[in-house]
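2 protein chains.
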Amino acid sequence: MNELRKDYLLDRWVIIAKDRGQRPDEFAKKHVDEKRADSVCFFCPGSELSTPPEIARVEEGGRWVIRVFPNKFSATSCEYKDYGRGMFLRKSAYGKHEVIVETPDHVKRLGDLTDSHIKKVLDIYINRISENKKDPRIKYVLLFKNEGDEAGTSLVHSHSQLISLGIVPPAIMEEVRAAGRYKKDSGRCAYCDIWKKESCGERRIWEDKQVAAFAPYASRFPFEAWVMPKRHVTTPEDMDEKEKRSFAKALMKLIRRLDSSLNYPPYNFYFHISPRGGDLHFHAVICPRIARWAGFELGSGIIINTMPPEVAAEHYRSGL
Amino acid sequence: MNELRKDYLLDRWVIIAKDRGQRPDEFAKKHVDEKRADSVCFFCPGSELSTPPEIARVEEGGRWVIRVFPNKFSATSCEYKDYGRGMFLRKSAYGKHEVIVETPDHVKRLGDLTDSHIKKVLDIYINRISENKKDPRIKYVLLFKNEGDEAGTSLVHSHSQLISLGIVPPAIMEEVRAAGRYKKDSGRCAYCDIWKKESCGERRIWEDKQVAAFAPYASRFPFEAWVMPKRHVTTPEDMDEKEKRSFAKALMKLIRRLDSSLNYPPYNFYFHISPRGGDLHFHAVICPRIARWAGFELGSGIIINTMPPEVAAEHYRSGL
Chain A
1 MNELRKDYLL DRWVIIAKDR GQRPDEFAKK HVDEKRADSV CFFCPGSELS
51 TPPEIARVEE GGRWVIRVFP NKFSATSCEY KDYGRGMFLR KSAYGKHEVI
101 VETPDHVKRL GDLTDSHIKK VLDIYINRIS ENKKDPRIKY VLLFKNEGDE
151 AGTSLVHSHS QLISLGIVPP AIMEEVRAAG RYKKDSGRCA YCDIWKKESC
201 GERRIWEDKQ VAAFAPYASR FPFEAWVMPK RHVTTPEDMD EKEKRSFAKA
251 LMKLIRRLDS SLNYPPYNFY FHISPRGGDL HFHAVICPRI ARWAGFELGS
301 GIIINTMPPE VAAEHYRSGL
Chain B
1 MNELRKDYLL DRWVIIAKDR GQRPDEFAKK HVDEKRADSV CFFCPGSELS
51 TPPEIARVEE GGRWVIRVFP NKFSATSCEY KDYGRGMFLR KSAYGKHEVI
101 VETPDHVKRL GDLTDSHIKK VLDIYINRIS ENKKDPRIKY VLLFKNEGDE
151 AGTSLVHSHS QLISLGIVPP AIMEEVRAAG RYKKDSGRCA YCDIWKKESC
201 GERRIWEDKQ VAAFAPYASR FPFEAWVMPK RHVTTPEDMD EKEKRSFAKA
251 LMKLIRRLDS SLNYPPYNFY FHISPRGGDL HFHAVICPRI ARWAGFELGS
301 GIIINTMPPE VAAEHYRSGL
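Respectively, the protein sequence lines represent chains A and B.
Our numbering numbers the first residue of the first sequence as 1 and each following residue consecutively.
Our numbering numbers the first residue of the second sequence as 1 and each following residue consecutively.
Please note that a few of the clues may not be correct.
Same chains, same names: a pair is fine if it fits in one copy or spans any two.
[Stated by the list, open to error] Listed below are the simulated PhoX-like cross-link pairs for lysine-lysine, each with C-alpha atoms no more than 25 Å apart in a straight line: (1) K6 - K139; (2) K139 - K18; (3) K91 - K18; (4) K72 - K18; (5) K249 - K209; (6) K244 - K108; (7) K29 - K72; (8) K18 - K81; (9) K197 - K6.
These are calculated hints, taken from the structure and not from any lab test.
Looking at chain A on its own, in the form it has when it is part of the complex:
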């Protein structure tokens, strides 16, 4: 039976269209987009002078292995301005838009990198989040990755991005408000409770002492997965070294499982951290982009997902 499910906390509904009964392997990408050796890739070693001035780098043996610089086609603005009124509110999109090139190797995907390299990538994510927060006019920092055409990548060389903004985005405010209401009613963190409830159920994917991964009850994407530290931390900077290693490990386990079982599907992931001074439980969300949102999704706000999270979790578990 096709089922309407509500998110744990948010007023966000999905239709889990079980009746279509697709098997997990029917979601596999039909072909792999080969990561071509483009004639010119500005993210490759040798093109350093073609990017905007470098912000940070990680070196090994005298050569960079991770590199950060401003996005040449920035979505943000360096001006800080607030204007417009009534029905026509606007502000300058004040903030920073950074690119984090995760490897010098043009053809490697994130999941192909070694665990120790991935840990360095996570450290750089955390460093950039932390650095961007220092500007008091910045209200939020969003770290995200686009992998594959359908996930919005324009350049194939593996990279993540960071956008910092002068407002707290609506998607974050919704979570902050909903978790706030939950805390007021119960005295507890909603996300800590979500894991308590999911840890013994059919949507659990993986855990160790530090970190939990599961397919959320009202998954919007086929094979959507959430990864979060078990301890109540509001931002990844607050994880200790052991937690960071576990977090990187969990994220990579899921991505490698997607890559190997669904033939390198396109995906996004993003970090939801707490706004400054808030209490939101830090969590990462992996969104495989295998299905398209169409007129129904745009017009209703309800997402049709033909892959029940219980089946998705079983698919992850069976290959970890």
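Following the hints, complete the assembly by docking chain B onto the known chain A.
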């Protein structure tokens, strides 16, 4: 300067990334997906027995020209059930999922049909909305169209769809609440006022005595356009014949302009009608699917749009 803009009413933000400065023709689809004469198309004349039992048809000269039947891969359920609790709310996805085949001609797009045919298509949309509303358990009826791969079409033969549901979707509730607040403060309909403000400005696209079309201030999609009757009607059934003809004409003017100037881009449109007993001003939204939502959009809820609505409106106007 890249700019954050808030929707007229909703807590919905976009970044209008003007700095990328793309010209309208840079958004043109690179190639046209030819509407192939697939070996078997279940929407073509001759395949009537392969679809679920017909719900309605329009005939001309003894042959159908428009045909309605249930979606074989329904997202809804005929069961009516409410269960789950706490963090795990769910209901059966009670409702109907219908397909409206708009022409017997396999290769024609909606914009290729004659004005008198389009008027009949609109009449059938309205008839199906009205019939679905008769079930008191149905709380909302969403009419939408997916044209082109990137807009989520699985079958190329021109068709629209209708999904009726036992809940009012969040996207509608948001508009109802925001318009309700506006009415309480001002005594006026927000959408009537939006047109009043847009009618003399640079985002105006087209109007006649009955109907208005414009590019909304906080457009989420390149070339997004809204079409609505000027008179305050809450549902398309309440339009008179003249209004219906104008509405069909406006919708087609925009779609034909997209088709001819951007090389048949993929698009969705949907109708936002008022829930039963409500007062929401009926409007249709056209969403060209030329850009992809990536990790930033999913993680923040803020949409980056590189085509300012002022430029989009000028592009529409210059070809009407």
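Hint by hint, here is what the structure shows:
no. : hint        : result
1   : K6 - K139   : between (29 Å within a copy, 17 Å between copies)
2   : K139 - K18  : between (40 Å within a copy, 22 Å between copies)
3   : K91 - K18   : between (43 Å within a copy, 13 Å between copies)
4   : K72 - K18   : between (43 Å within a copy, 14 Å between copies)
5   : K249 - K209 : within (12 Å within a copy, 63 Å between copies)
6   : K244 - K108 : within (23 Å within a copy, 55 Å between copies)
7   : K29 - K72   : between (30 Å within a copy, 24 Å between copies)
8   : K18 - K81   : between (48 Å within a copy, 16 Å between copies)
9   : K197 - K6   : within (16 Å within a copy, 37 Å between copies)
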